[in-house]
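Combine the two chains into a complex, taking the hints into account.
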Amino acid sequence: MSAAMKTTVYCAKKIVTMNPQKPEASHVAIREGRILAVGSLEEIATWGEYELDERFADKVLFPGLIEGHAHTMEGTLWRYVYCGYFDRMDPHGKTWSGNKSIDAVLEALKIAEAKLEDPDAPLTGWQLDPIYLENKPVTRAQLDSVSASRPIGVLNASGHILYANTRALELAGLMKSGVNHPGIPLGSDGMPTGELKGPDAMTPVGAHVGMNRSMTDADERGLRDFARLCVRTGVTTVTDLAARLEPDSVEMMLRVTGEASFPACVVPLRIFLGLAPNELIPEVARLKKLSTDRLSLGRIKLVADGSIQGYSARLRWPGYHNGAPNGLWYCSPEQMQEIYELALEEGIQVHTHTNGDQATQLAIERLEVALKKHPAHDHRFVLQHCQLADRAQFTRMAALGMSVNLFANHQFYWGEEHYNLTVGPDRALRMNAARTALDCGVPLAVHSDAPITPLGPLFTAWCAVNRLTRSGRVQGEYEKITINEALWAITMGAAHSLHMDGLVGSIEVGKRADFAVLDSDPRLAKPEELKDIKVWGTVQGGRIFAAADV
Amino acid sequence: MSEPLLVTIIGGYLGAGKTTMVNHLLRTANGRKLAIMVNEFGALPIDADLIEAQGDDLISIAGGCVCCSFGSDLSAALIELGSLPVRPDQVVIECSGVAIPSAIAASVTLLDGFTPDGTVVLVDAETIRESAENEYIGDTITRQLADADLVVMNKADLVSAMELTALEAWLQEIAPRAKTLSAEHGKAPLDLVLGLGSAPILSQQSGHADGLFDSIALPCPRALEGAALAAKLTDPALNITRAKGFFDPAPSGTRKALHIVGRRWEITEAPQNAPLGIVCIGLKGQFDGDLIRESASETL
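Just so you know, the protein sequences line up as chains G and Y, in that order. Each residue of the first sequence is one higher than the last, beginning at 0 in numbering that gives the first Met the number 0. Each residue of the second sequence is one higher than the last, beginning at 0 in numbering that gives the first Met the number 0.
Keep in mind the hints are simulated off the structure, nothing from the lab. What you are looking at is a predicted structure, and each value in this text was computed from that prediction instead of being measured. Hints are not guaranteed to be accurate.
[Unchecked claim] Derived pair list, reagent style SDA-like, types lysine to any residue, alpha-carbon separation capped at 25 Å:
# : chain 1 : residue 1 : chain 2 : residue 2
1 : G       : K196      : Y       : T108
2 : Y       : K255      : G       : G172
3 : G       : K371      : Y       : G14
4 : Y       : K231      : G       : G177
5 : G       : K196      : Y       : E79
6 : G       : K13       : G       : L35
[What the hints assert, rightly or not] Covered by chain G, per the in silico footprint, the following chain Y stretches (three or more residues, Cβ under 8 Å):
#  : segment
7  : 73 to 80
8  : 135 to 144
9  : 217 to 226
10 : 229 to 240
C-beta: ideal position from N, C-alpha, C; glycine also.
The following block holds chain Y by itself, in its conformation from the complex (with noise of 0.2 Å):
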C-alpha cells in the first residue's frame, strides 16, 4: 500500500510572511517535488523567477513543483490533484488569512490518500500581540494560533532580542501545543516546517549547513509499539520539531510511517521497502541526541 500523501497547512493571518515563506520553501525543496495550494493565484503568489509556465489553474514551477489555485472548494481542487500525471511528494495549503487552520485539516482527513502532515501558522513578530487584540480578528488569530503545531515567529529580525522572549512566552499561553521558531524574510528550514519528506535520510537535511537545527536517528530494527514510542517521541522536554521514519509494528503487522510534528503523532501505511528507522529533528541548542535516544530505548 502507498504511503498517503503528506498535507502541511501553512495559516496565520494577512502579512504574516506565508507567501515569502513558501517561495522560501520552494527555493530550498532541492529536489522534492511540492504542490503548493493557495486560495486565489492574485498578486501573483510565485516568485516569477521560479516559474516555468502558467495555466489557468497550475502554474509549473522550477524542480517538478506546481501551485494550483483552489477558490471556494478544497476538497475538489485536493482530488484533482490526486489526478495529475506526476505525483507529487508532499502537499502545501496556503490558508487564506481568516481561514482556521483545524477546519481545513479536518476536511483533508475525509479524502482518501491524503494525510494532514501539521500545522504551522506564521506570526508577524511585530505587530502579531496588537492584531491579537483587535476586535474583528483577533479572536480569528488566536483560534488559528491554537491549532498550531509550529509557529513561526517571522519579521523576527524587526524585533529585539527581548521583545522575541515576550513573544515566546505569550505563545506558550495561546499556542500551547506549538514548537516556535523565529524566522526573518520567511526563511524557515524546509525540514522543520514540511517534515522529512517520504524518505527521510540524514544526508538530505539541508538546514544543517545554516546551523539552525540537529537531527539523530533512532535505528528500529525490532518490531515495536508504535503509540509508545510516539509517546516518548511527543514529550515536551525532548523538543523535537519534527520525526519522520518507518517501523514494523509490534506483535505483527505491515510496515507503518511515524509522523510527528510537535506534539502531534499520526502512524500510516508504509510501503513495504521502507528503511527502517526515526529521524527526530529540532531546534540547535534546544535538542539533546543522547537524552531522545535514553527516553526511547526502552520503546525500540
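The shape of chain G in the complex, shown without the other chains (with noise of 0.2 Å):
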C-alpha cells in the first residue's frame, strides 16, 4: 500500500458531522486528505487496514468553519497598533484588551512609540471607533501628545475614517488653511482637525502612516498571519471578499497557500472595479481555472452601495432615521445588469454586496431581468449583508434561486446606533433578519466582514442565536435562530453560498477532511454560551493545525 493510501483513524469525544443522516459517529477515516468514512470503529474497519491516532479522545471533531464574508487584510492589520474598544486575540493567540476610554488608546500608543527606534518611523493604530468613547472625533493634537516629531495615523474600526497627528498632515501638505473638502473638517483655527473621512482624503495621508494603496490586499506576512487567526477560530474555508488579484498578489497567493503548512483554504472573490463588464467576465473566467485546493478563484463581488451607519447605503422610503440623505451608488443598475447578464451566461458566481433595502430591490430586480435572457437554474447568486431586507425581498429572492450571508455580528455592535439614529426603533428589528430568510426558503450564511468584527464564526452563530446588542438588550426577538440553524449557516450554509458544499461543509464520505477541534458540543451550548466554546485548532485537508502551534 502506497502512503498515499494510508488511512489515519481518529476517535474522538464526539464528531458531529451536520449530516443529517449521520449527525454524530465516534470515529472518522482519513485517506488522501478526504473523509473515507465516519461512524464506529467496526464500521470503519470494513475499509481495511488504518492507523488509529487518539489525540482528539477528549475533543469534538466539527466540520471546518467557514466564513463567507472576511478580508485577509486583518493579517496585516495586526502588525499596527490595535485600538479598538472590545477585547480581541492577535493572530499569536494574544488578547489585547479593550481600551475603554481615549486615554487608553493614547496610552496603547505611547506603549507601541516608545519601542520604535527610528524617530522618523510611522505609528500606524487601527480598529479605533469613537462611537463607544462618548462619540467624540479623535483629534490630531490628542495623538501629537503620543509624539509630535513622527507621523501618526490610526484607522477607525470602519476603515473609512484615518485620523492623524499634526506631523502626517504636514509631510500630506495638509497643515494648512484653506483645505475645502466635505471628508476633512476643520478647527476654529481653520485648521484640519485630523480626522480624514472617506478614502479620498485618507490617501493622501496613509502613505506617510504606513499605509498604502494595495492595503485591501492582505501581503504575504498578513495572508500568514490571517491563516493564524483561522486555526485559532476554528476556520478552514474562508473568503476574501474584495481582493484586486493583481497579477503579483495572485502569484503570492498560489505560492503562500501551495505551502504544505498553509491552514486553509482561501476563496479570494475579484472586486468589479477598474474593469469593464465586459473585460470583467473574462478576466475573472481566467482566473477561476488556476484554482488550487487551496485557492479558490473565479467569483465576482460587486459593491451596489456604501454602509448604513457611514449613511451611504441607499435605503427606501422613509430613508435614514436622523434624516441624512440618501447613500450613494458604487455601480450603476446598467453596470449591475451587465455584469450579471455576463456572468450567467459564463457560469461566473456575483456576490453583491447590498447594505439598504434600495440596493437589495435593485439587485433582486436586476438579476430577474437578466435571468430571463439568460436562465440558469443553480447560480446562487449571493447578497452579501443585505442588512435590511423585508419578508416581500427574501421571498423573491428565494424565487430567484438567491442566497443570502447576512452580516449578524452587526447588531452586537452597532445594534445601538441603528435603533438610534440610522433606521430607527421599527427597522433594526429587521436587520440581518435570519429568521425570515429561513423562513422563506433562502439559503442562509452569517459573517464577521473581519476585520471590521473579529473573525470567528462561532461568536457570530451566538450573535444570530441571541441578537443581543453591546448593552445587552434583545433587538428582533423573532429574527432569533436556533443554535442548529445557527452552526449549519457557519458550515454548510456557507459552502453553498460558495458552491463548495460537495466539498466542504458537513463530515462526510468524500469531503475534504476539513475539521473545527472543539473542547464541546456546540449544538448542546446554553444559546449565551455558544461563543465561548474554546477552539483547539484545526484539520484541514488531513492536516493538523494545533492553535497552540501556529
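What follows is the structure, given as C-alpha cells:
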C-alpha cells in the first residue's frame, strides 16, 4: 500500500457531522486528505488497514468552519497598534484588552511608540471607534501627545476614517488653512482637526503613516497571519471578499497557500472595479482556471451601495431615521445588469454587497431581468450583508434562486446606533433577518466581515442566535434562529453560498477532511455560551494544526 | 512658481455622451496636450484612429495627449500622472455614471499641484427629465447637476426647439449655478468645456469658426483686486461661460491667474512672464462684449 493510500482513523469524544443522515459518530477515517468513512470503529474497519490516532479522544470534531465574508487584510492590520474598544485576539493568540477610553487608546499608542527606534518611522493604529468613546472624534492634538515628531495615523473600525497627527498632516501638505473638503473637518483655527473621512481624504496621508493603497489586499506576511487566526477560530475555508487580484498578488497567494504548512483554503473574490463588464468576466474566467485545492478563484464581488452607519447605504422610503440624505451608488443599475448577464452566460458567480433595502431591491430586480435573458438554474448569486431586507424581498430572492449572507455581528456592535440614529426602532428589528430568510427558503450564511468585526464563526453564530446589542438588549426577538440553524449557516450554509457544499461544510464521505477541533459539542451549548466554546485548532485537508503551535 | 495643473471634471449619467464628447475634445485639442482620466478602459473609450499606442495603464493619443484609467484610486492616479515625462497642459476626468462630481473635485483640491477647473455635466436632452424621476438613480442625477458649472445638453438634435427650451427652464431649477449649452454628438467647443488653456490668446479659439461663441479680451495693465474683478465677471447678467487670464494683484504680490467657469472662480499662482489680460468667452447671441467691458471697467 502506497503512503498516499494510508488510512488514518481518529477517535474523538464526539464527532458532530452536520450530515443529518448520521449526525454523530465516534470515529472518522481520512485517506488522501479526504474523509473515507464516518462511524464506529467496526464500521470503519471494513475499509481495511488503518492507523488509529487518539489525540482527539477528549475533543469534539466538528466540520471546519467557513467564513463566507471576511478580508485577509486583518492579518496585515495586526502589525499595527490595536486601538479597539473590545478585547480581541491577535494571530499569535494574545488577547489585547479593549481600550475603554481615549486615554487608554493614547496610552496603547505611547507604549508602541516607545519601542520604535527610528525617530522618523510612522506609528500606525487600527480599529479605533469613537462611537464607544463618548462619540467624540479624535483630534490631532490628542495624537500629538503621543508624538509630535513622527507621523501617526489611526484607522477607524469602519476602515473609512483615518485620524492623523499634525506631523502626518504636514507631510501630506494638508497642514494649511483653506482646505475645502467635506471629508476634512476644520478646527476653530481653520486648520484640519486630524479627522480624514473617506478614501479620497485618507489617501494623501495614508502613504505617510505606513498604509499603502494596496492595503485591501493582504501582503505575504498578512496572509500567513490571517491563516493563524483561522486556525484559532476553527476556520478551514475563508473568503477574501474584495480582492483586486493583480498578477503579483495572485502569484503570491498561489505560492503561499500552496505551501505544505498553509492551514486554510482561501477564496478570494475579484472586486468589479477597474474593468468594464466585458473585460471583467473573461478575466475572472481566466482566474478560475488557476484555482488549486487551497486557493479557489473565479467569483466576482460587486458593490451596489455603501454602509448604513456611514449613511452611504441606499435606503427605501422613509430613508434615514436622523434625516440624513440617501446614500451612494457604487455601481450603476446598467453596470450591475451587464455584469449579471455576462456572468450568468459564462457560469461565473456574483456576490453583491447591498446594505440598504433599496440596493437589495435593485439587485433583485436586475437579476430577475438578467435571468429571463440567460436562464441559469443553479446560479446561487449571493447578496452580502443585505442587512435591511424585508419579507417580500426574501420571498423574491428565494423565487429567483438567490442566497444571502447576513452580517449577524452588526446587531451586537452597532445595534444601538441603528436603533437611535440610522434606521430607527422599527427597522432595527428586521436588520439581518435570519429567521425570515429561513422562513422564506433562502439559503443562509452569516459573517463577521473581519477586520470590521473579529473573525470567529462561533461568535457570529452566537450573534444570530441571541441578537443582543452590546448593552445587552435583545433587538428583534422574532429574527433569532436556533443554535442548529446557526451552526448550519457557518458550515453548510456558507459552503452552499460558495458552490462548495459538495466539497466542504460537513463531515461526510468524499469531502475534504476539514474539522474544527472543539472542547465541547456546540449543539448542546446554552445559547448565551455558544461564543465561549474553546477551539483547540483545526484539521484541514487531513493536516493537523494546533492553535498552540501556529 | 508654476501654475497648478488644471483639472476639468466631466460628469453625467450613463448614456449622456461623455465618452463621445471626450473624443471630440481630443480631435479638436489643436496642440493642447490633454490627459484624459477614465474609470476603466473597458469598451475602449478612445476612438481607434486617435490611438498611437496602448499600454496596460496608459493610451498614447495623437497630438501628445494621453488617456489613463484610475479604477478606485483617483488620487494615486493623479499623482502618477504628475510624474509623466511630458507634463500635460490640462487634465480631464471622465467620471463614472454614478459619481458625484463635487466629491471628485474636493479630492483634487487635496493634491498639491492640481486645481479643479470647472465641473461640466452632460445630459441626454431627450431622456434626462425621465431619468431624473427614476426611483433608483433620480437623486444621483439631480445631485450631479447641482454640482455643475456648465451643463451640456447633448443630443439636442433629437428634441424640438420647444423641448430644449423646457429643458433649459428645468435646468435653471436643478442646476442653478450652471451655464447651459446645447450640442449634437458631443460636439461642444473645447474652449467652453475645458476653458482657455494655459496661455489664452484670442487667435487660438477654434469655436469662432463654427460661429458658436464670441469672446473679448480685457487688458489688465494695472495691478487690480482679483476678487472684485471675479465678482463682476461672474455676474449672471454678463453670460460669461468661461474666462481665463493673468493679472498683477493690488496692492502688491506676484502675478496671478484668474479662472472663471460659470459662477465659480478661482485665483492661482501664475508664471511671472504670463501675458497680462483676461479673455472672456460666451455663447453667441447671449454675449455682449461692450456690456462686459463697461461692467469690469471700474475694477480694471
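Now the hints, each set against the structure:
1. A hinted pair counts as satisfied when its Cα atoms are at most 25 Å apart, and K196 (chain G) with T108 (chain Y) qualifies at roughly 15 Å.
2. Annotation: proposed proximity of K255 (chain Y) to G172 (chain G) holds, straight-line Cα distance about 21 Å (limit 25 Å).
3. For the hint linking K371 (chain G) to G14 (chain Y), the alpha-carbon distance of about 24 Å falls within 25 Å, and the restraint holds.
4. Distance restraint check for K231 (chain Y) and G177 (chain G): the Cα-Cα separation of roughly 23 Å lies within the 25 Å cut-off, and the hinted pair is therefore satisfied.
5. Between K196 (chain G) and E79 (chain Y), the direct Cα distance comes to roughly 23 Å. Compliance with the 25 Å bound is thereby established for this hinted pair.
6. A distance of roughly 17 Å separates the Cα atoms of K13 (chain G) and L35 (chain G); the hinted pair therefore holds under the 25 Å criterion.
7. Counting residues of the segment 73 to 80 of chain Y whose beta carbon lies closer than 8 Å to any beta carbon of chain G gives 3, which reaches the threshold of three, so the coverage claim holds.
8. For the segment 135 to 144 of chain Y, the proposed coverage by chain G is satisfied: 4 residues have a C-beta within less than 8 Å of a C-beta in that chain, meeting the threshold of three.
9. With a threshold of 8 Å between beta carbons, the proposed coverage of the segment 217 to 226 of chain Y by chain G is violated, since 0 of its residues qualify and at least three are required.
10. With 0 residues having a Cβ less than 8 Å from any Cβ of chain G, the segment 229 to 240 of chain Y misses the three-residue criterion, and the hint is violated.
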